[in-house]
Amino acid sequence: MPKPRADASASAATLAERALLRLHDLGRDFDVSRPWLNRVIEGRPRQLLRAVDGVSLEVRRGETLALVGESGCGKSTVARLIVGLYEPSRGHVEFDGLDLSDLRNADEAWRQRRRMQMIFQDPYASLNPRWRVRDIVAEPIRVLGLAASREQALARVGELLRQVGLSSDDGEKYPHEFSGGQRQRISIARALSGNPEFLVCDEPTSALDVSVQAQILNLMTDLQQQLGLTYLFISHNLAVVSHIADRVGVMYLGRLVEIADADELFVRPRHPYTRLLLDAVPDLEMSGKARTPVGGEVPNPLAPPSGCAFHPRCPYANARCMTERPATIPTARGTVACHAVEECRI
Amino acid sequence: MAAVEGWLRRAWDHDLAWSFRRSPVTLLAAFLTLVCVGSAVFAPWIAPQNPFDSATLNLTDGFTPPAWTDGGSTKYLLGTDDQGRDILSTIMYGARISLGVGLAAVLFSAVLGVSLGLLSGYLGGRLDAFVMRVADIQLSFPAILIALLIDGVARVALPRELHDQLAVYVLVLAIGVSGWVQYARTVRGSTLVEKSKEYVQAARVIGRHPLAIMLRHVLPNVTGPVLVIATIHIATAIITEATLSFLGVGVPPTQPSLGTLVRIGNDFLISGEWWITVFPGLALVVLVLSVNLLGDWLRDALNPKLR
Amino acid sequence: MASALLEVSGLRVEFPTRRGTLVAVDDVSLSIAPGEVLGVVGESGAGKSLTGTAIIGLLEPPGRIAAGEIRLEGERIDNLPNETMRRIRGRRIGAIFQDPLTSLNPLYTVGQQLVETILTHLPMDRGAARARAIALLDEVGIQAAGSRLEHYPHQFSGGMRQRVVIALALCAEPRLIVADEPTTALDVSIQAQIIALLKRLAREHGTAVMLITHDMGVIAETANRVAVMYAGRIAEIGPVGEVIRAPRHPYTVGLMGSIPKVGKGLGKRHAKLAQIEGAMPRLNAIPPGCAFNPRCPKRFERCMIDQPSPMRVGSNLAACWLYAETAR
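Residue numbers (the working numbering), protein chains in the order written: chain A, 1 to 346; chain B, 1 to 307; chain C, 1 to 328.
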């Protein structure tokens, strides 16, 4: 459970009220063992990939929480755990106070899940190529029974298409007639048609050109203000995140290593990995700042390092880091999991 | 009217139609297929004679050679068989059976194979393992043997009086069951690919039932290769039916298909009445070849990488 | 001033289709000096990859070079027969592509691929080639190079594989390296390492590098000069500092404005990114005159009629009628 922040001027109770989504020690393993026969003959054990390992965080109503990390850090898996595409192996997801994994709540959980929607990364694979755009956008309306008649549903589709910057005539066309940016707009329209409150966005602009990305990010910001949406924004691009997030969580090898308010994280990063990430962002200001890229690469998630997963690449690692996994400790405006920070060495 | 005209113009202009027009071989194949299918469908109206109506037969006209040889007559263009049946007419009527059985068998195969492939691919797990093992086992037997097996079992299981009546259905079942595997495998592969695509995940997040996702989202995207397989399978099915009929275990002799005709005519080959077996054989070859060529063109035309 | 190692003038790449000819690269001229890194930046469909492919000589038919010249160290290479071009390709031009997974043959060890490439282009015996392979792997930062020679590509991680690809490109001591999105498939922390490596190698070997990418950040860190492409044409070309800090062409201005930067927007999270309305035209729908004119906030009459060529403005060249006066 995340500990309340040290300077909690708002009482813990008010904070709890405002949280729309809570993750409690969430974990997900994937069985990547070889087939049974191979294992028996070759004498190998089962192999489990810990894609997500003990992630706890909360997303408050109306805010944008960004989850950043490089490939293999588990941020996409967290997104899918939240919307129910995967079942958690450990821990649970709590939405608006309801534990979604509890079987006793199954029906209610299904209903509550409809208040969330997801936007995906690949604009070319996230729309069914055989469906017309109007059917794609109308699907949530039909499934959730939000329109009384077909005409009403189509009218709403037209409205949504206009809201995302397309024209209502575009409903007649097929996805392949649109560019990447336009397809992402269609995806956003589809996500909005179910009247969700919470949007999980899995790298929605990573596959887009930079100028198109700007359009989509601006659109998402506008929609958030107009509709009072809450976003969980997954990205590997810190620059994008700095433009859109209220709070930022950093993940490494399935663990949440740091989470803080955006302006705090970018100005005073605590965890060594956060510092590495910030340092690696190319310097468009051309300030001529000398950078020493940290060596090493993300280790194989099948064989994560013992203790703190980052210790092989960390310039501040000591003996304790190699054996003991760091606990999450509160900071001024967030939390961090690092022995060096705890021991006040950095 | 204008809408139809517009649609026709767009169809003509379409890449598929253009590649069709460009290839003389395909045009010829399409023409021949059309001729075969047309004469089969319209046989009762355009055949010079109904060879299965014994009242119209004239035994004395038996063994008439083809019209262009001496002894032949223009009444029987390709000659007659031992019972005075006009070969041209028997070919047309035989083609009906061949095509009918072939198409029905392919339809059966396709429906069975696509369903199993879709379910295996999407649901995975034990069902997938089981279906694929059955497929593997079946593939280790030649299709003809499978068809023979089913046919044999049917003969034993069904009462004798019903044999002839149900022979065609048993045949369709036999050929159909022997051919489902290639559909299932292809569709399963495509389903596995589509399943991991984000539009399927989006449908799951929206909350759709897995069956709805399979039918409405995945199925339309995996049927592409099925059309190509089916076209080529029609040729195979016709040949299989012909082989079974030739072996005597296919359609009953009261409704001879092209294969049966070849068998019947075989007995007379030695005694010199070559036309009774050669012409049905030629017709079979032309039919199967044109369907095959059409299938080839379709496969190449639908392959986005070759365009 | 060193004479240009690579000189491209008026390059035009066309794709004849049954609906007409598509011009994918239109009147592109650029040059790279030895030891210099020229960035070619643009969004998807701008024609930057095709320019690189045309220079390497790997343009797939029906695509063809319809006009222009490509000169490598003074000699024309765009009109050579395939066999001659093949020898030049490995020996004097090295190529690095985006996906390290598909750039290496998975069935051969890294050592085998390196040695084979060295032996194809340089006269030496197997032992010497092997020693050179080890030296190359060492130079690109792969530890225990000697034993790593025996490893297959799948035994390397993504960043390491890209280093191997760079080593392969350097094998025959090429004069020019064309790198097409070399860091796009890599994590951001690895990107930084590869960028630093490319810069160092260019400097130490005096190789000219053409760095094709959509990522302006990578250009800012790596390139000396940059060419910005739009709809198959060069919009602006100049020293990297100038183009980034003081862009002249309205497209470049819009592009720089739409790139999110860390540090900007903090505390004003809701401040929007500058956006360019509309989208880059498809190749079969390029408007007459300047290709950017439908989206340009500064367009006037002439922009819709005449296609501008790059004109001098300060230290840059910008293809924009706004600068017609200053150019004269």
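Please keep in mind that the hints were generated in silico from the structure rather than gathered at the bench.
One or more of the hints may lead you astray.
[As the list claims (entries may be wrong)] Below, a sample of chain B positions facing chain A; criterion: calculated Cβ distance under 7 Å:
no. : residue
1   : Asp-136
2   : Lys-195
3   : Tyr-199
4   : Gln-201
5   : Ala-202
6   : Val-205
7   : Gly-207
8   : Leu-215
9   : His-217
10  : Pro-220
11  : Asn-221
Think of the CB as a built atom: it goes at the ideal place given N, C-alpha and C, for glycine as much as any other residue.
Point to revise | Status of the Pro-220 of chain B interface restraint (C-beta, 7 Å, chain A) | key: Because about 4 Å separates Pro-220 of chain B from the closest Cβ in chain A, which is inside the 7 Å limit, the hint holds.
Review point. Close enough to count: is the Cβ of His-217 of chain B nearer than 7 Å to one in chain A?
Key: holds, 6 Å
Review point. Holds or violated: is there a CB of chain A closer than 7 Å to the CB of Gln-201 of chain B?
Key: For Gln-201 of chain B, the interface hint holds, since the closest Cβ of chain A sits about 6 Å away, which is under 7 Å.
Review point. Can Asn-221 of chain B be said to touch chain A, with a Cβ gap under 7 Å?
Key: holds, 6 Å
**Study point:** Restraint satisfaction for Ala-202 of chain B [CB to CB of chain A, less than 7 Å]
**Key:** holds, 6 Å
Practice item. Under 7 Å, Cβ to Cβ, is where Tyr-199 of chain B needs to be relative to chain A, so tell me if that hint holds or is violated. Key: Holds: closest Cβ of chain A sits about 4 Å from Tyr-199 of chain B, inside 7 Å.
Point to revise | Proposed interface contact between Lys-195 of chain B and chain A, which counts if any beta carbon pair is under 7 Å | key: violated, 11 Å
Practice item. Have a go at the Leu-215 of chain B hint: is there a Cβ in chain A nearer than 7 Å to its own Cβ? Key: violated, 12 Å
Point to revise | When the least beta-carbon distance from Asp-136 of chain B to chain A is tested against 7 Å, hint result | key: Given a least distance of 15 Å, the restraint on Asp-136 of chain B is violated.
Check your understanding: Does the interface hint hold: is Val-205 of chain B within less than 7 Å of chain A, judged Cβ to Cβ?
Key -> holds, 5 Å
Practice item. Classify the hint on Gly-207 of chain B as holds or violated, based on whether any CB of chain A lies nearer than 7 Å to its CB. Key: At 6 Å from the nearest chain A Cβ, Gly-207 of chain B passes the 7 Å test, so the hint holds.
Of the hints listed earlier, those the structure fails to meet are numbers 1, 2, 8, in rising order.
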